[in-house]
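*Asks:* With the hints as constraints, model all of the structure from the sequences given.
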Amino acid sequence: MGSLQEKPRLRLGSLVSGLQEVYESGRTRELAWRRSQLRGLLRLLSEKEEEIFEVLRDDLGKNRAESYRDELGALVKSVNHTLRNLGKWAAPEKAQAPLVSFPATALVVPEPLGVVLVFSCWNFPLGLALEPVSGALAAGNVVVLKPSELAPSTAAFLAATVPRYLDSEAVKVVEGGPEVGEQLMEHRWDKVLFTGSERVGRLILTKAAKHLTPVALELGSKCPCIVDYLDGKRGRQVAVNRIVGAKWSVCAGQACIAIDYILVEEKFAPILVWFTLLSRIGLLKSTLKNFIATPECMARILNAKHFQRLSNYLQDVKVAASVVHGGSLNPKTLAIEPTILLNPPVDSDIMTEEIFGPLLPIITVKKIEDSIRFLKSKPKPLSIYAFTTNEKLKRRITEETSSGSVTFNDAIVQYVVEGLPFGGVGHSGFGQYHGKYTFDMFSNKKAVFKRSFLIEFMFRYPPWDDSKIRMLRHVFNLNYVGLLLGLLGLRR
Amino acid sequence: MGTMEEKPLLGLGKLVSSLGEVYKSGRTRDLSWRQSQLKGLIRLLTEKEEEILDVLHHDLGKHRTEAFRDEVGVLVKSVKNTLQNLQKWAAPEKAQTPLVSFPATALVVPEPLGVVLIFSCWNLPLGLALEPVSGALAAGNAVVLKPSELAPSTAAFLAANIPRYLDSEAVKVVQGGPEVGEQLMEHRWDKVLFTGSARVGRMIMTKAAKHLTPVALELGSKCPCIVDWLDSKRDSQVAVNRIAGAKWSTCAGQACIAIDYILVEEQFAPILIELLKSTLERFFTKPEYMARILNEKQFRRLGSLLESHKVARSVVHGGAMDPKTLIVEPTILLNPPLDSDIMTEEIFGPILPVITVRKIEDSIEFVNSKPKPLAIYAFTGNEKLKERIIKETSSGSVTFNDAIVQVYMYAPSCLSDRYGLESLPFGGIGQSGFGQYHGKYSFEMFSHKKAVLKRSFLIEFMFRYPPWDGSKLGMLRHVFRYDYVSLFLALLGLRRR
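Sequence order for the protein chains is W and P.
Numbering of the first sequence is given in the numbering used here, commencing with residue 1 and proceeding in unit increments.
Numbering of the second sequence is given in the numbering used here, commencing with residue 493 and proceeding in unit increments.
Hints listed in this document are in silico derivations from the structure and should not be mistaken for laboratory results.
All values derive from a computational prediction rather than experimental measurement.
No residue lacks a Cβ here, since even glycine has one placed at the ideal position from N, Cα and C.
Be aware that a few hints might be false.
Claimed, not checked - Far from chain P, by Cβ distances over 12 Å, these chain W residues were calculated:
(1) G13
(2) V22
(3) A32
(4) A160
(5) E175
(6) Q183
(7) L329
(8) L334
(9) N343
(10) S348
Unchecked claim - Think about it this way: if two alpha-carbon atoms lie no more than 20 Å apart in a straight line, the pair counts; the simulated PhoX-like pairs of lysine-lysine are:
(11) K516(P) x K376(W)
(12) K702(P) x K210(W)
(13) K851(P) x K878(P)
(14) K445(W) x K88(W)
(15) K366(W) x K376(W)
(16) K876(P) x K851(P)
(17) K702(P) x K378(W)
(18) K699(P) x K445(W)
(19) K445(W) x K941(P)
(20) K392(W) x K946(P)
(21) K94(W) x K851(P)
(22) K941(P) x K394(W)
(23) K378(W) x K367(W)
(24) K94(W) x K77(W)
(25) K580(P) x K531(P)
(26) K725(P) x K778(P)
(27) K77(W) x K88(W)
(28) K516(P) x K378(W)
(29) K941(P) x K586(P)
(30) K580(P) x K941(P)
(31) K941(P) x K436(W)
(32) K941(P) x K376(W)
(33) K88(W) x K883(P)
(34) K267(W) x K233(W)
(35) K436(W) x K699(P)
(36) K210(W) x K699(P)
(37) K586(P) x K394(W)
(38) K394(W) x K946(P)
(39) K366(W) x K392(W)
(40) K450(W) x K876(P)
*Replies:* Written out as structure tokens, the structure reads:
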């Protein structure tokens, strides 16, 4: 069976050992098996499309188009990319053997790690589950997926569907809450990928330490968005489209790569927020109203707990006073209006914690360059965004800040550029995936060195004398002439 | 100052924050700074060569030539290789962007992690310290090195000389025992590399978890050596040279990549053992040609491996141990019991069990019955067997017809672009650890590959945004399927409105 309910302490043990046997049988290493799994995923994604839209709407109120753009479509693209490149990624790579080791062949051979565990988060419950799973399968591993119980419809969908489209003995879905996650971590895994909060990440890492299980953590962060003065009207509009899209159209801001807050020059803030020459309503506000025209255009807040967390941010008097747009909350429907704040206190919770919701603080700075210092005062984020045409500023941002990624003049889209690694640094995590990086994350790059008996240098071995140390020097200095002469001399 | 003594709980806090400041100043990111550090290391290794060979002899009784071969020579080569390739490794790499995002540039930009901590082990106290340090510096980090206190002369040497040859504000050596290691781990680091035992590795990782510090572990394992029938007498002799070198000439077998035990067909075993005996006699004409056992504790450990009656009975060569000089004779065993300690624990000493199998292919199953090792060695001319070993086993590395030398593999960089990678990665898997280094892998171990995407305002697709309708979903489908023709037509269709 492909799924298990909570409290299966004994069964988890036999699950893990069963998977070990499947891996040891060698079938997941075959390229043909891996391709069949990837094709199975593609079939799942196309045949079950309607059901996928339903469960994502069920769990998060996502509109079909948003679900397709952020989860389904991105997955299809990614799995196709993996299928196309699998042969190349799985092929051994030649390394050049130094002349002194002639004749020799050196290779780096990718091999699967074995049995891996993927924890996915609730905000992109399909994407954050199947993206790493597809890479782990491509790398030839046996996989256990533990989807977040906070997106129960998607979790149930995965538990029911994955065994039907993939090799149900080699790919398991284990449902349940934190206790199940803890029980899973009582076992050793060849790799664990965890996407979620820092708090749980720490727990995972601590449990992993007991078994020396290698872990990759994709954690949250406050992703800043620097907005420089932009000249043309069109440039400004496009920038604002992308900012609005990257806040409110991405799971209502509940995304690790959503824009958390904006940094803008004092002079430019009014143009952004309040008014343009031609209209009475600010660019940001007007675009927001156009895009999030009806409540269905924005995803839902996950649950009461998150709703409470977000409304608590606004309870701080000074923070509430800084609201310049929106701000209304409906505890019955858990709806939070898209909200913009201007200069809430920088020590308030909304400016120190990851917001993960539809509230956008705008912080003004004197000169746009000051934004670099501001964002450096905070932990390294997953993504830094900057809307600017100033090449010098771009260079300074790239060179003086550290983050998982930097995107100029757009946001979120770095997620779908297959050639770019996705992952955090510092408090936003460690380990990168997407595209080939996922394949590598779940692979062991085995070094293979083939030598011959043809040439044997006795100066490698004792008994020692001065001439041998001289020959070794020649070897390490790639002094082939000296080496040759020495060898001739020795042989005489 | 560059060094600190034990119990500096307050001092360590200041050390860590001062390194943070140095790193934030940005100076370690400059390529010229990194090059100066690498050059400083090369100068240290060449100017202080005599002293280095002395301290290695002091700590481990290594003969100068062995010390040069395994720690100095290979290290100089590695650092020179890093220096030559630094610019290339540190350069941003272009990544492909999908046509639909045109115009766009995508780059992967390597950047330093920040302030990193390196723990080195006692058996290759110079090499295991400075190899990763050189990679961390090349990557632009500030570095703290905690050398093993079990090799005190080398630790003291490093503490005295690193501040003289390198930037003493950005590269620190912290001396001391396990308590100092624990105190260091109370702080957050941007990366920790630990080389040593699994027991301590677990402790390091547990402490690292509190701060979400990324860790790389280089642990031990039992490295098996499969010895197949070799056709010619010469080939057999060459193989035995290499086996003897990889066991007894490498810190007396106290090395994570030393051959731990041998697997050989029943019929070939006697021939192999005779060759081993005669080769040992030829190589180790004087006791000083083999390194010393580290200390009494390790000596006793090795002694206890031979205590069991059945194990003692399986000794076919050597077996003598002198507690006064801490010398253990090169010892060969034939088929000790498989459940004995000597066959379940990493030996880390000059004792070599030879296990016989019916057919050489059975050795694959045997190897797989044990935890994944750091290195698998196999001496064979049988291409099919080689393929099976590569495919059916898992390890950090596999080396055919030689041993240890996989870590010397640094090719001249002028050729590597056309002919392949310049070095092989070094690291374990499973119980032998995780994280790889050496050469470019060291640079990458201590780097973060930052994704940089630059887009333009030129082309804007409104179908990315709400409010939603069926046509937008259709456009998104075209985009994700790279169906540019349909996309183009649909865009035209949309615009006609």
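*Asks:* Does each hint hold? Answer for all of them.
*Replies:* Right, here's what the structure says about each hint:
Against chain P, the non-interface label of G13(W) holds: every CB pair exceeds 12 Å, the least being about 19 Å. The Cβ of V22(W) sits about 15 Å from the closest Cβ of chain P, beyond the 12 Å cut-off, so the non-interface label holds. Its beta-carbon lying about 15 Å from the closest one in chain P, A32(W) satisfies the requirement of being farther than 12 Å from that chain. Every CB of chain P is more than 12 Å from the CB of A160(W) (nearest about 25 Å), matching its label as outside the interface.
Once the 12 Å rule is applied to beta carbons, E175(W) is consistent with being away from chain P; the minimum gap is 26 Å. Residue placement check: Q183(W) keeps its beta carbon more than 12 Å from all beta carbons of chain P (closest about 18 Å). Non-interface call for L329(W) relative to chain P: holds, since the shortest CB-CB distance, roughly 21 Å, exceeds 12 Å. Against chain P, the non-interface label of L334(W) holds: every CB pair exceeds 12 Å, the least being about 19 Å.
Its beta-carbon lying about 26 Å from the closest one in chain P, N343(W) satisfies the requirement of being farther than 12 Å from that chain. Under the 12 Å C-beta cut-off, the non-interface status given to S348(W) relative to chain P holds; the minimum distance is some 24 Å. Under the criterion of a C-alpha separation no larger than 20 Å, the hint pairing K516(P) with K376(W) is consistent with the structure, at around 10 Å. Note on K702(P) and K210(W): the hinted pairing holds, with a Cα-Cα distance of about 14 Å set against a maximum of 20 Å.
Only pairs whose Cα atoms come within 20 Å are accepted, and K851(P) paired with K878(P) is accepted, the gap being roughly 15 Å. Taking the CA atoms of K445(W) and K88(W), the gap is about 14 Å. The hint holds against a cut of 20 Å. Between K366(W) and K376(W) the alpha-carbon distance is near 16 Å, which keeps this suggested pair within the 20 Å criterion. For the hint pairing K876(P) with K851(P), the CA-to-CA distance comes to about 14 Å; that is within 20 Å, so the pair holds.
Distance check on the hinted pair: K702(P) and K378(W) sit about 19 Å apart at the alpha-carbon level, within 20 Å; holds. Annotation: proposed proximity of K699(P) to K445(W) is violated, straight-line Cα distance about 27 Å (limit 20 Å). A C-alpha spacing of about 18 Å is found between K445(W) and K941(P), which places the hinted pair at or below 20 Å, so the restraint holds. As the CA atoms of K392(W) and K946(P) are separated by approximately 14 Å, the hinted pair is consistent with the 20 Å bound.
Simply put, K94(W) and K851(P) have alpha-carbon atoms about 31 Å apart, too far for the 20 Å limit, and the pair is violated. In summary, the hint linking K941(P) to K394(W) is supported, as the alpha carbons are separated by about 17 Å, within the 20 Å threshold. Of the supplied pair hints, the one linking K378(W) and K367(W) holds, its CA atoms being roughly 19 Å apart against a limit of 20 Å. A threshold of 20 Å between alpha carbons decides the hint, and for K94(W) with K77(W) the separation of about 29 Å lies outside it, so the pair is violated.
With a C-alpha separation of about 17 Å, the suggested pair K580(P) and K531(P) falls inside the 20 Å cut-off, and the hint holds. Between K725(P) and K778(P) the CA atoms are separated by roughly 26 Å; this puts the pair beyond 20 Å, and the hint is violated. With a C-alpha separation of about 18 Å, the suggested pairing of K77(W) with K88(W) holds against the 20 Å cut-off. Our distance criterion of 20 Å between C-alpha atoms is met by K516(P) and K378(W), whose separation comes to about 13 Å.
With a C-alpha separation of about 12 Å, the suggested pair K941(P) and K586(P) falls inside the 20 Å cut-off, and the hint holds. Annotation: proposed proximity of K580(P) to K941(P) holds, straight-line Cα distance about 14 Å (limit 20 Å). Distance check on the hinted pair: K941(P) and K436(W) sit about 14 Å apart at the alpha-carbon level, within 20 Å; holds. For a cut-off of 20 Å, the pair hint linking K941(P) to K376(W) stands: about 18 Å separates their Cα positions.
Distance restraint check for K88(W) and K883(P): the Cα-Cα separation of roughly 17 Å lies within the 20 Å cut-off, and the hinted pair is therefore satisfied. Restraint check for K267(W) and K233(W): the C-alpha separation of about 16 Å stays at or below 20 Å, so the hint holds. Among the hinted pairs, K436(W) with K699(P) is inconsistent with the structure: their alpha-carbon atoms are about 31 Å apart, more than 20 Å. As the CA atoms of K210(W) and K699(P) are separated by approximately 11 Å, the hinted pair is consistent with the 20 Å bound.
Proximity of K586(P) to K394(W) is assessed by CA-CA distance (about 17 Å); at most 20 Å being required, the pair is judged to hold. Taken as a hint, the K394(W) and K946(P) pair is honoured in the structure, with Cα atoms around 9 Å apart against an allowance of 20 Å. Using a Cα cut-off of 20 Å, the hinted pair K366(W) and K392(W) holds, with the two alpha carbons roughly 18 Å apart. At roughly 13 Å between alpha-carbon atoms, K450(W) and K876(P) fall within 20 Å of each other, so this suggested pair holds.
This entry does not satisfy hints 18, 21, 24, 26, 35, going by the numbered hints stated previously.
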